[in-house]
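*Asks:* Protein chains in written order, with my numbering: chain P, 1 to 514; chain A, 1 to 119.
Simulated from the structure, these hints should not be mistaken for lab results. Treat the numbers as computed from the prediction; the structure is a model and nothing was measured. Every residue, glycine too, gets a C-beta built ideally from N, C-alpha and C. Among the hints, erroneous ones may be present.
[What the hints assert, rightly or not] When the alpha-carbon atoms are kept at most 25 Å apart in a straight line, the in silico DSS-like pairs for lysine-lysine are as follows:
#1 Lys259/P <-> Lys10/A
#2 Lys436/P <-> Lys70/A
#3 Lys370/P <-> Lys70/A
#4 Lys445/P <-> Lys10/A
[To be verified] Covered stretches of chain A, as calculated for chain P (at least 3 residues, CB under 8 Å):
#5 30-42
#6 86-99
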Amino acid sequence: MAANKRLSLREKYQKFTRDLAWEPTYQKKSDIFPQTEFEGIHIHDWDKWEDPFRLTVDAYWKYQAEKERKLYSIIDAFSQNNGQLNVTDARYVNALKLFLTGVSPLEYAAHRGFAMAGRQFGGVGPQVSCQMQSIDELRHSQTQIHTISQYNKFFNGFHDWRHMHDRVWYLSVPKSFFDDAMSAGPFEFLTAISFSFEYVLTNLLFMPFMSGAAYNGDMATVTFGFSAQSDESRHMTLGLEVIKFMLEQDERNVPIIQKWIDKWFWRGYRLLSLVSMMMDYMLPKRVMSWKEAWEMYFEENGGALFEDLSRYGIRMPKYWDVSVKEKHRLSHEVWSIFYNYDHAAAFHSWLPDESEMEWLSAKYPDTFDKYYRPRFEYWRSLQQNGERWYNNTLPMLCQTCQIPMAFTEPDDPTQICYRSSEYNGDRYHFCSDGCKDIFDDEPEKYVQAWLPVHQIYQGNCGGASVPEVLEWYHLVDDQDNKEYLESPDRANWLRWKGLSDAEADREVKAAVNE
Amino acid sequence: MPVQAMYEYKYKPLDIQENFHGNQLVYIGWEQHLMFCAPVCLPLPPDMPFGALIKDVLPGVYGSHPDWEKVDWDQVEWKLDDNAFAPDMEAGLEDQGIRHKSVIRFRTPGLNGIEGTAT
Chain P
1 MAANKRLSLR
11 EKYQKFTRDL
21 AWEPTYQKKS
31 DIFPQTEFEG
41 IHIHDWDKWE
51 DPFRLTVDAY
61 WKYQAEKERK
71 LYSIIDAFSQ
81 NNGQLNVTDA
91 RYVNALKLFL
101 TGVSPLEYAA
111 HRGFAMAGRQ
121 FGGVGPQVSC
131 QMQSIDELRH
141 SQTQIHTISQ
151 YNKFFNGFHD
161 WRHMHDRVWY
171 LSVPKSFFDD
181 AMSAGPFEFL
191 TAISFSFEYV
201 LTNLLFMPFM
211 SGAAYNGDMA
221 TVTFGFSAQS
231 DESRHMTLGL
241 EVIKFMLEQD
251 ERNVPIIQKW
261 IDKWFWRGYR
271 LLSLVSMMMD
281 YMLPKRVMSW
291 KEAWEMYFEE
301 NGGALFEDLS
311 RYGIRMPKYW
321 DVSVKEKHRL
331 SHEVWSIFYN
341 YDHAAAFHSW
351 LPDESEMEWL
361 SAKYPDTFDK
371 YYRPRFEYWR
381 SLQQNGERWY
391 NNTLPMLCQT
401 CQIPMAFTEP
411 DDPTQICYRS
421 SEYNGDRYHF
431 CSDGCKDIFD
441 DEPEKYVQAW
451 LPVHQIYQGN
461 CGGASVPEVL
471 EWYHLVDDQD
481 NKEYLESPDR
491 ANWLRWKGLS
501 DAEADREVKA
511 AVNE
Chain A
1 MPVQAMYEYK
11 YKPLDIQENF
21 HGNQLVYIGW
31 EQHLMFCAPV
41 CLPLPPDMPF
51 GALIKDVLPG
61 VYGSHPDWEK
71 VDWDQVEWKL
81 DDNAFAPDME
91 AGLEDQGIRH
101 KSVIRFRTPG
111 LNGIEGTAT
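Required output: the full structure, derived from the provided sequences and hints.
*Replies:* Now the structure itself:
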């Protein structure tokens, strides 16, 4: 019987996507999909959009349900066996705090963003792809929340991650990155998130986080990573597909897409500076240095990708050369920010010990001993006299990336990089030419930036003193913030592991030197 | 185009001076002293004399650095918004062209941070 005939993959994809669509008869298409034109992108034939995976919704539910079952059985086992005690050192958990408070809310934002983009596209191919990615992102955010829940029982700083995401100064960096993408049109959103972030830069987020988790004994995170990996490869493919689709539809799209690639490469790269310090300073057992990761995943892989896209008239993102110059110093400059202002952060910072400094010298032979080792040794001398140093004045922030203005001139690591623009009689400041260009292209968007330091001075953050702002952040002073060596996290860890102070140091050294 | 939007999108900037309760923002950076990871941001009264900034405000910001007490203020090289600048110690900030969100940078010749490493 015809009804029992098994459909081929291609036929099934046809039935579950194209055949679900219809041509409207009594409403104009532009009224149904009002956002498809204002960005200036021209689409002539939506059917040219091909999902290389040809994933249909029936298969999607089956695969995802299977992955969920495996994931939650492992998370349960992790919890029952007190898996959190098997991580290399409690310092590792701070990398997790940064990732889970910074990125998990972005997974949820991505869920919303793809749902909105899918609603706005006039073709059923991208509608279905976006819908599945939207559900994936919801799943990722959910599984990460389960991980937060487990670690929150034992470590400080995880307790109110959702509230903190809207308020804490450094979390405004990932938040504003995603808000910028979501408040753009659907085509820019996909170029920003699917292509620039998921395709070009995601390896630099996932690799250090997942390999870092594996190296440091965090099985809950590794399991989540495996579960998300097949989704991520689908998302990456979508990212490349959307770019090629737009480029092939109309040559007028090319300069618009190049501009978005330039913008979102730089936005993503600045966001990843948080990952650079995670790799070089926060993982007790290192995977590789930021510099090595940037060379492998951006300079080599990214270079090959843009070589491939050159036939469409697309070139390497603007200022990629600056990122290459900065690789020798990025993580050191960013770790210094958090050492300066850890009294207002939801995770702990510390100074690298001697064996870690040797590793950093070896990985950064041109810069570490010359610029950063003396800084850390000076800070250590203060700390040994019982005066752990903090910066007691709020920093100047970049109007675009919202990171404190700690980055130095591309050709001079001793000189802060100052850039500025005037707009309607007011001045705005930037950490780099990349961030300045983004502002200059759409100033009306970025004059609305919610800069945490300025908001504190306007009186919108609970008060003018650090204790008042911490309360407004829902952070507990001397518990969630400040130096790791003096933290309750460390004291608890030593107690659980039955270690003395000296033994704890030995374990850290062993992890580094292994 | 000032913003890519579907309709006229124009609102007051979030950080205009009137939002700072009579103060103006001033950014200050001490060149070659990157132990302070970034320039600082301070809300200051526009009529504050420059001398008071040096005498009453900056010690609280930079006093923890061992170079601070060695600074010879007659030798300091100043910059205001990228231009060389000779501050008038008696005059107020606003009266000498220091505007809301201006950047003041100062270089202390001979003092280049911990071990001369710009820290």
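*Asks:* It remains to establish, for every hint, whether it holds in the given structure.
*Replies:* Okay, the hints, checked on the actual structure:
Annotation: proposed proximity of Lys259/P to Lys10/A holds, straight-line Cα distance about 23 Å (limit 25 Å). The straight-line distance between the Cα atoms of Lys436/P and Lys70/A is roughly 36 Å, outside the 25 Å bound, and the hint therefore fails. Among the hinted pairs, Lys370/P with Lys70/A is consistent with the structure: their alpha-carbon atoms are about 23 Å apart, no more than 25 Å. Proximity of Lys445/P to Lys10/A is assessed by CA-CA distance (about 9 Å); at most 25 Å being required, the pair is judged to hold.
Counting residues of the stretch 30-42 of chain A whose CB falls under 8 Å from any CB of chain P gives 11; the rule of at least 3 is met. Three residues within the 8 Å Cβ limit are the bar, and the stretch 86-99 of chain A against chain P gives 1, so the coverage statement is violated.
The structure shown violates the earlier hints numbered 2, 6.
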